[in-house]
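A.B. asks: Please construct the entire structure, taking both the sequences and the accompanying hints into account.
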Amino acid sequence: MMMVLFFPLVFLGVLAFWLAYVWKNRSVKSVPSAITTALLALVFCYALSLILISMDPWYDDNGAPEFISWQYRWAWAAWLAGWLAMLVLPVVFGLRAFVLSRASSRS
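Here numbering that gives the first Met the number 0 is used: the first residue of the sequence shown is 0, the next is one more, and so on.
SDA-like mimics (lysine to any residue), calculated; alpha carbons at most 25 angstroms apart, straight line:
hint	residue 1	residue 2
1	K28	L39
2	K28	V98
3	K23	V9
4	K28	A96
Just so you know, these hints were derived from the structure itself, not from any lab.
C.D. replies: Pasting the structure below:
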């Protein structure tokens, strides 16, 4: 149940930091790449979750198949995105660190 609240709060927090940097410096280019990476990874998690929920909108409720209507898919996608974000964010930042270390070792 907590993942329904976790994902939107984390997304809004990262978005607030991103918008604060844009507002303060009046440029999108001034935002640190880590915040932009986190924001894009969270958007990817939610989009993937919504696609996965929409591909198979049925779930098993004590042996009876139940259909998830559109008005509830947004919350189900937020719940799934919260779990998915715990896997995707470390992988994305690990790949980012690997790419940056390879780029700095070549120069």
